[in-house]
Amino acid sequence: MRASPLRNLFRIYLEKPELAGAALLCILTAVFEARSNGAFLSPDNLRGILGLLPEVGLVSVGVTILMICGEFDLSVGSTFALAPMATSLTIIAGVPLVPAIVIGLVIAAVIGFVNGFITLTFAIPSFITTLGMLFIVRSLTVVISGGFPPLLPDDLATGVFTQYVGPGGLLRASFLWFLGVSIAASAIMTLCNLGNWIRATGGNLEAAATMGVPARRVKLFCFILCSMLAGFGGIIQVFRLQSPLPSIGDGLELQAVAAAVMGGTALTGGIGTVLGGIVGALLIRIIDNGLVMSQVDANWFKFAVGALTILAVIGNSWLRRTARSIKLESPA
Amino acid sequence: MTEASASPDASADAAAVAAPIVECRHLHKWYAGVHALKGVSLTIKRGEVVGLVGDNGAGKSTLIKIISGVHPPDRGEILVDGKRVDIRTPKQAMNLGIETIYQTNSMVPMMSIARNLFIGREPLAVSIFGFGLMDQAHMRRESVKAIANVDLHLRSPDALVGELSGGQQQGVAIARAIHFKSRVLILDEPTNHLSVKETARVLGFVRGLPAQGVAGILISHNLHHVIEACDRIVAMARGEIVFDKPVGETSIEEFQEYF
Chain A
1 MRASPLRNLF RIYLEKPELA GAALLCILTA VFEARSNGAF LSPDNLRGIL
51 GLLPEVGLVS VGVTILMICG EFDLSVGSTF ALAPMATSLT IIAGVPLVPA
101 IVIGLVIAAV IGFVNGFITL TFAIPSFITT LGMLFIVRSL TVVISGGFPP
151 LLPDDLATGV FTQYVGPGGL LRASFLWFLG VSIAASAIMT LCNLGNWIRA
201 TGGNLEAAAT MGVPARRVKL FCFILCSMLA GFGGIIQVFR LQSPLPSIGD
251 GLELQAVAAA VMGGTALTGG IGTVLGGIVG ALLIRIIDNG LVMSQVDANW
301 FKFAVGALTI LAVIGNSWLR RTARSIKLES PA
Chain R
333 MTEASASPDA SADAAAVAAP IVECRHLHKW YAGVHALKGV SLTIKRGEVV
383 GLVGDNGAGK STLIKIISGV HPPDRGEILV DGKRVDIRTP KQAMNLGIET
433 IYQTNSMVPM MSIARNLFIG REPLAVSIFG FGLMDQAHMR RESVKAIANV
483 DLHLRSPDAL VGELSGGQQQ GVAIARAIHF KSRVLILDEP TNHLSVKETA
533 RVLGFVRGLP AQGVAGILIS HNLHHVIEAC DRIVAMARGE IVFDKPVGET
583 SIEEFQEYF
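Chains A and R supply the protein sequences, listed in that same order.
Here our numbering is used: position 309 in the first sequence is 309, and no number is missing along the way.
Just so we're on the same page, our numbering is the position in the second sequence counted from 1, plus 332.
Hints were generated in silico from the structure; no laboratory data involved.
Warning: the hint list may mix true and false statements.
List time: in silico SDA-like cross-link candidates among lysine to any residue, alpha-carbon distance up to 25 Å [unchecked claim]:
1) R:513 - A:192
2) R:513 - A:16
3) R:423 - A:294
4) R:397 - A:216
5) R:477 - A:212
6) R:577 - R:554
7) R:397 - A:206
8) A:16 - R:488
9) R:397 - A:217
Predicted model only: the values in this text are computed from it and were never measured.
The shape of chain R in the complex, shown without the other chains (with noise of 0.2 Å):
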């Protein structure tokens, strides 16, 4: 390799990095005739916590569901580290470290913490196309440490999921999100359901995120929740971004002016 043809590839991982680590351009979407998203625009950057909100049917939802592959945009584009990126299915975003959690649980409840920890992406010991014995040693070793990670200590990784707190069991998936190496966190109201003393560790599991390096995308119908946890507020309304500013800079009283 030469140098000439090396200093091109350098300086565009600079680029990559540089980049920010979702960048949406212009994303529209019709339901059945309903223009859900008017041209919205949004930047994650690295390590980031964006706080989502805005009433029902603002486009929020359409919005996150578009990033996490769960639908495709009609129009518009999605790049992921400055490369344009093109996201069909779940499988496909978490390929690029993007990674969902609902308010309805993404846990199985009468699964174990480990199995939880690892469906779909499970280590095997022997395997003969895609199929085979997992690894379970391995399986029961990580998840504790993945969740002894975000502050969350459990028995044992034998539990089942069903078992634990709603709180926990949020803290259980982002674990999940954290161990593979995901770069972005996306919440779909993930406190709806939860006490208040739940709320709070969910929250803090939330404000951890950039200690991991991990970027978050809360939604939240909380206002108070989302300055709590997040790093920059953006609303939305009818379908439109209608409200961008960092938490630092903004305050309750401004925001409620504006609606």
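Okay, chain A solo, but in the shape it has when bound (with noise of 0.2 Å):
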């Protein structure tokens, strides 16, 4: 029997889950340019999308591939705001600038490495644990800031991530910082053993583990890799804005899962790709800007990542059981 094209298409979508949100970014791009006159793709306008990007795409990135190893950080919105704040307060303590990130990263791969142990060990639901941990790291970054957001010194150099770079000046430095940890998580994903053990522990934890895949110890890389790029991210923004305030990434959490499944990842595991979890956080940019460029009232903005992530679901489930159901292997 040939395939039919109808076969083709789901076989396709199986296979790259992230093409559809991939095609609702083009047609939300091609709409806002319509609608704002040009303005939307002006280099003005993609400089503000583009340079916000790095920042709250890391956080998808990191959750994308958590969440295709079968588990979950709600804390990542929390982490974003006390890596760069542990970050600011050394520098300001006098200690220079690498080892400040540094000292930063690793807080946040302590945070990560909790979310992971309790979840391992006590066998709860990591939506609880890191629901938790979401208090507990926002109030440490509240009570170490002693309540008031301190000022980073002018003369830190932190254009290495900052800086405008580019044809025009279209790119801020984190982009390429950003582009690089994208290109290496996609290509652990797809071309290294980890990425394979990875999917396993979140397609089939009973089969990964039988299979001699060391599932515990994937999990918690994982949770660590995420806790890390959301302290990254934040570490970036918060040399962009100079001031490392204790309420940033809040809310960011839920954005990220919002972008994980806006670009096919499941939330069963073992379903997702870091590129589709950079098209979610693209698309959340791009709602947000296009929104305000098509002088629509900003305050939709929420109403419109809403209603896509549980289109989105909804379509991504619809489609795989739709798939599953048409026999797409005929015995040769």
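Two chains, two separate frames, one set of hints: put the complex together.
The structure is reproduced here in structure tokens:
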């Protein structure tokens, strides 16, 4: 029996779950471009969209990988605030920039480790562990800030993250970091044995463990990676803002989950791609910006993100069910 | 090396070849005060397919979980090739050539056939400390060969396992075990939830095991399946082996009389 076009479409969808999000991205871009009379894709506006993307994008990449591994992290928004707060306070205490960044990232890694350790040791849903950590870490951030957002020194050499680069200064340097991290993360997921283990652990934990995958350590790794990427995103944002506000990243955890889901990542684990997480993050940025550019009341932003998240999950699970019910493979 | 020291080695090797591939001696297991296995001894010869039957709670699953390294026995010993072994994890069992296929699929549905075949045992092109780039060309090539070996022919090694039928998925699992030189394949109710046609296909795979030099233990509720695919029937009840005969020397009638 020959494969019909419909079957091929479903097969492509199953193998590349981020495509639906990417298609939506193109459509929305076209709509916003038309509605804003060409202002949406102007260099000035693109600079705004792409300048903020790395910060949220890094968090989305981490959350996406952790979700592929079958776990959640709701504490990323708080880690996004604590890591740069720690980095800033160490800088103000006289520590040079690079060690201060390392300290921030190590603290983020510790949060990830605690998330994973508690979740795995007590066999409780990571949803709950990290919900608790969301409050704990946010509280710690406010406590160590002493209630005042400290000011970073003016002469800090943060240009390696914040300066404008590229043709016409279209991008910030942070975008290159984001690009590098994303390519590395994508390579791990598609080319390395570790990526195979992460997907197998999330896709069928029992099978992975039986086949000798160190599932516990794989999950722990993903928790730590996710927290570190969140911390890194926060550090970049604080360098851009020049001051570590204790409130940054509030609500970011849900945006990151929304981004992952819009990019085709399944809540049940085992399905998704790094590129999908990026597509999702870009979708959110574009909706945020595009609504303003189209002169729609900006308060509709959360409405749009919420509606899209629900639609994405409904669409994904419907497509997956349908794809499975059609016998895609016929015996040769 | 002198001849005097070489000859005991040679005789030890000969003994290992003659020894049964797996021998369980007086295995006991308690679960929270329940005596699940009461001194079970079972010998599996090379290239022999043994059907293990019995009601729920008879101890079949406990026995195979001990052999496959999921649980340790509380008492008794296991010999592989005549040598005493201590199997603590599924990985150790796999290293001894004992692999298990469960009724719940041992495949990851959203991963390709090639990737599924090599989960946890990926061939690496470049690696540091056991992590590295997978040799994907090798994985594709070998998975096509491994699958053809069990007489299963599929469109492409890049197809997702979730696209395959249940019987085909079990076929890939069996191909995987054979590819990794398993010598004992434990199949825990591999035909559950399968259609009649798919069940026949899986039983065909099981019957083909001796030709690949692989011994099998088929756990099943269905006596007809066991008679169709196995050389020997072993029945368990209340934690003990109560029946053990070659398929040729018994019949469903005799077996049913027994119970």
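Evaluated hints:
1. This hinted pair checks out: residue 513 (chain R) and residue 192 (chain A) have alpha carbons roughly 24 Å apart, not beyond 25 Å.
2. This hinted pair does not check out: residue 513 (chain R) and residue 16 (chain A) have alpha carbons roughly 33 Å apart, beyond 25 Å.
3. Between the alpha carbons of residue 423 (chain R) and residue 294 (chain A) the distance comes to roughly 58 Å, so the proposed pair goes past 25 Å and is violated.
4. A distance of roughly 20 Å separates the Cα atoms of residue 397 (chain R) and residue 216 (chain A); the hinted pair therefore holds under the 25 Å criterion.
5. Taking the CA atoms of residue 477 (chain R) and residue 212 (chain A), the gap is near 23 Å; set against the 25 Å cutoff, the hint holds.
6. Between residue 577 (chain R) and residue 554 (chain R) the alpha-carbon distance is near 16 Å, which keeps this suggested pair within the 25 Å criterion.
7. Taking the CA atoms of residue 397 (chain R) and residue 206 (chain A), the gap is near 14 Å; set against the 25 Å cutoff, the hint holds.
8. For a cut-off of 25 Å, the pair hint linking residue 16 (chain A) to residue 488 (chain R) stands: about 17 Å separates their Cα positions.
9. A distance of roughly 23 Å separates the Cα atoms of residue 397 (chain R) and residue 217 (chain A); the hinted pair therefore holds under the 25 Å criterion.
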